[in-house]
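A.B. asks: With the hints as constraints, model all of the structure from the sequences given.
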Amino acid sequence: MSATWNPDELQTIADEDEVVLASRRPDESLGIVTTIWIVRVGDDAYVRSAFGSGNLWYTRAKKAGAGHVTIGGISRDVTIEDASADSDHPADDEAIDNAYHAKYDANYPQKYIEPVVDAASHATTLRLIPA
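Letter by letter, the sequence shown follows residues 1 to 131 of this note's numbering.
Check before you lean on any hint, since a few could be wrong.
[Said to hold, decoys possible] Just the calculated beta-carbon pair ranges, DEER-fashion:
#1 D92 <-> Y112: 36 to 42 Å
#2 E28 <-> A123: 26 to 32 Å
#3 P90 <-> E28: 24 to 30 Å
Everything labelled a hint here was simulated from the structure, so no lab data went into it.
Glycine included, each C-beta is placed from N, C-alpha and C at the ideal position.
C.D. replies: Shown next as C-alpha cells:
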C-alpha cells in the first residue's frame, strides 16, 4: 500500500455517511459516479456492494483498480483494492460489519444495513487507498 489517509481525512470518512466514487476508464478518464456508504476501520476505508458482485459500480471499480472519491471536503484519486477473504490482502469482515452497524444503525432501517453486512457482501469488500 503506497499511501495513507491523513488524520483529518480519516475523521471525515468516519463522519460522512456517503462517498461519491468514480472508477478510472482505460483512457484514464473518470467513469460513471455512484454514491455509496463508506466505513473506516483503523486507518483504512472500505466500501461494499449492497447488491452483490453483479452490481455495475462494483464490477467497474474492481476491474479498474483505480478511481476518484469525493467525501466531505476530500477529493482524491484512489487505488481500489479487493479486500475480500479470497484476496491477497483480506480485510477483517467482522470489524467492517461492526463499523457499518456503528455508523448507520441509529439513522437507517435495518433493511438498508443488512445487505452490506451479510455474507454475500463480504465478498464485495473493497479497500480505498489514497493514490
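A.B. asks: For each hint, tell me whether it holds in the structure or not.
C.D. replies: Hint-by-hint comparison with the structure:
1. For the pair D92 and Y112, the beta carbons lie near 22 Å from each other, so the given range of 36 to 42 Å is not met.
2. Remark: the range hint 26 to 32 Å for E28 to A123 is upheld by a beta-carbon distance near 28 Å.
3. Between P90 and E28 the CB atoms are about 29 Å apart, so this pair conforms to the stated range of 24 to 30 Å.
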